[in-house]
Amino acid sequence: MALYSEKVMDHFRNPRNVGIIEDADGVGEVGNAKCGDIMKMYLKIENDIIKDVKFETFGCGSAIASSSMATELIKGKPISEALTLTNKAVAEALDGLPAYKMHCSVLAEEAIKKALKDYYEKNNIEYDKTLFESVDVCCHK
Amino acid sequence: MIYLDNAATTKMCESAIETMTRYMRSTFGNPSSLYSIGQSAAEAIEDARSRIASHLGAESREIIFTSGGSEADNQAIISAAKAGEKKGKKHIVSTAFEHHAVLHTLKKLEREGFEVTLLDVHENGIVRVEELKGAIRPDTCLVTIMFANNEIGTLQPIEEIGKVCKERGVVFHTDAVQAVGHIRIDVKKLNIDMLSLSAHKFGGPKGTGVLYVRKGVQIIPLIEGGAQERNRRAGTENVPGIMGMAAALDEAMTSLEEKAEKEAELRDRLIAGISSVPHSILNGDAKKRLPGNVSFCFEGIEGESLLLLLDDKGICASSGSACTSGSLDPSHVLLAIGRVHDVAHGSLRLTLSPETTSDEVDYTIKAVKEVVEYLRNMSPVWRDLMEGKRTFIL
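Chains G and L supply the protein sequences, listed in that same order. Under the numbering used here, the first sequence has 94 at position 94, and the numbering climbs by one with no breaks. Under the numbering used here, the second sequence has 190 at position 190, and the numbering climbs by one with no breaks.
No lab work stands behind these hints, which were simulated from the structure alone. For clarity, every value in this text was computed on a predicted model and none was experimentally measured. There may be inaccurate statements among the hints.
Unchecked claim - Taking lysine to aspartate or glutamate and the EDC-like style, the derived pairs with C-alpha atoms no more than 20 angstroms apart in a straight line are: (1) G:K7 - L:D311; (2) G:K34 - L:D329; (3) L:K389 - G:D23.
Unchecked claim - Listed next, with one range per pair, are the computed distances between beta-carbon atoms: (4) G:E81 - L:S358: 54 to 60 angstroms; (5) G:K77 - L:A272: 31 to 37 angstroms; (6) G:G76 - L:A272: 22 to 28 angstroms; (7) L:G169 - G:G96: 55 to 61 angstroms; (8) L:K313 - G:D23: 56 to 62 angstroms; (9) G:E133 - L:S358: 45 to 51 angstroms; (10) G:R16 - L:A272: 34 to 40 angstroms; (11) G:P98 - L:A96: 57 to 63 angstroms; (12) L:K389 - G:E126: 26 to 32 angstroms; (13) G:E81 - L:G113: 57 to 63 angstroms; (14) G:I20 - L:K313: 53 to 59 angstroms; (15) L:S275 - G:E6: 52 to 58 angstroms.
Glycine is no exception: its CB is placed at the ideal position from the N, C-alpha and C atoms.
Between the sequences and the hints, there should be enough to build the whole structure, so can you do that?
Here it is in structure tokens:
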């Protein structure tokens with residue numbers, strides 16, 4: 001299907017890191033069923049490194065592919081690096097997304113940020129709140 | 001490939017292709033020219049006109065060739081509105097789940113000062129004649145209600161609607177794009193004043209359609225220019241398209257009832273098979289629907305990913321999810337029958353043709369079950385539903 005790049009279709013058909021982490025250190029859910037997409041990220045963190053990441057997504061092909069790609073981009077990376085992951089980087093790694101699907105990559109970025117925020121809060125770690133200002137995106141806003 | 005998107009468009013029938021190539025190759029003259037190759041083209045389209053008219057129970061002069069269903073809908077509605085306006089009648093009755101060719105034309109008229117009442121189509125996807133009676137006012141100039149819905153396939157009580165409109169002296173237009181060639185229609189018996197149809201929904205070519213206008217009903221051209229179509233639609237006639245449309249309709253109307261019966265049997269088999277998916281629901285009345293239409297909503301999944309995975313399994317289908325339309329909201333049809341956003345995003349439409357086989361239906365049932373289960377297993381919504389953190393809607 002020409003709507004999506006081969007990379008998007010590959011990550012959609014064979015999503016990496018699907019599932020949940022029962023004892024996750026941080027969990028972030030963004031989106032809204034009303035809008036047609038919800039993403040949930042689970043992180044396992046050791047010594048400021050993202051040791052493991054899993055996701056669950058309710059959404060279209062590009063939402064599933066964006067989640068999958070985002071998990072690959074942060075797995076094994078330090079938190080500081082995961083925090084700098086932008087939606088553009090996710091979309092570029094997928095060889096691009098159609099303009100009206102860019103919000104799917106935004107959801108992936110925000111889901112990771114929200115999971116990291118959750119990790120900080122659960123562990124009473126001081127963090128820069130300005131990094132999380134845009135968390136909780138929704139298509140109806 | 002299993003093609004189950006016949007409501008979007010149909011594969012062209014061989015007789016239409018053969019007819020069209022013949023008219024492209026040999027009878028290429030302009031029907032307005034006086035030499036013989038032009039006059040042959042003119043005679044051919046008049047023959048096509050009379051055949052199409054007879055399939056509808058209409059007269060030749062009541063058939064206007066258009067570029068398709070959307071143009072026919074636009075012309076019918078705008079003509080009735082302008083005729084009404086002259087008499088000070090600026091109210092139109094329609095339904096909430098019409099095709100956008102109708103709804104967007106009505107929106108335009110609203111901006112020009114017309115009032116529009118959209119009838120409720122209820123959960124079964126069928127308008128209630130009593131409610132239509134209550135909605136018609138002394139200043140109503142048009143009732144426009146589709147024959148069969150394009151997404152959920154429900155058939156409207158057209159005969160009763162026609163009767164009410166006739167009694168009340170209101171022009172009645174029906175968008176029959178999904179019905180013509182699939183259901184026998186007699187415009188006189190049903191008291192239809194105007195009817196739109198589109199050739200590519202019954203094995204004909206794209207870009208060709210008809211507006212039937214009962215003799216005596218006022219019509220104005222949308223396209224100005226030459227005197228074609230008795231001054232009602234300018235532009236050199238699409239001769240190959242018209243000839244292909246007539247050939248396709250001839251074929252569609254041949255043993256129509258037998259084909260429809262067989263198609264409806266497979267439709268019901270498909271509905272029964274998919275109904276066994278837990279937390280799913282059939283959209284629209286189970287029986288009062290087109291012989292080839294199956295429409296479902298599934299909880300916990302989104303329609304576009306469903307379509308992509310079905311495509312991987314060789315099945316062509318469609319969905320009313322927002323993601324497939326490029327807009328934020330799911331299908332207005334599904335919202336009109338009361339499906340909430342959450343489940344309307346998880347919709348699937350499968351539309352059969354007389355060529356659909358029982359093996360294809362059985363394969364599709366299996367594929368839909370597998371894909372729905374697969375997507376639910378990676379859906380956080382489904383997990384919440386299963387863990388009781390969210391309440392099932394379906």
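Structure-based check of each hint:
no. : hint                                : result
1   : G:K7 - L:D311                       : 17 angstroms, holds
2   : G:K34 - L:D329                      : 9 angstroms, holds
3   : L:K389 - G:D23                      : 18 angstroms, holds
4   : G:E81 - L:S358: 54 to 60 angstroms  : 55 angstroms, holds
5   : G:K77 - L:A272: 31 to 37 angstroms  : 50 angstroms, violated
6   : G:G76 - L:A272: 22 to 28 angstroms  : 49 angstroms, violated
7   : L:G169 - G:G96: 55 to 61 angstroms  : 58 angstroms, holds
8   : L:K313 - G:D23: 56 to 62 angstroms  : 36 angstroms, violated
9   : G:E133 - L:S358: 45 to 51 angstroms : 57 angstroms, violated
10  : G:R16 - L:A272: 34 to 40 angstroms  : 37 angstroms, holds
11  : G:P98 - L:A96: 57 to 63 angstroms   : 30 angstroms, violated
12  : L:K389 - G:E126: 26 to 32 angstroms : 31 angstroms, holds
13  : G:E81 - L:G113: 57 to 63 angstroms  : 60 angstroms, holds
14  : G:I20 - L:K313: 53 to 59 angstroms  : 27 angstroms, violated
15  : L:S275 - G:E6: 52 to 58 angstroms   : 36 angstroms, violated
Checked against the numbered hints listed earlier, the structure breaks hints 5, 6, 8, 9, 11, 14 and 15; every other hint is satisfied.
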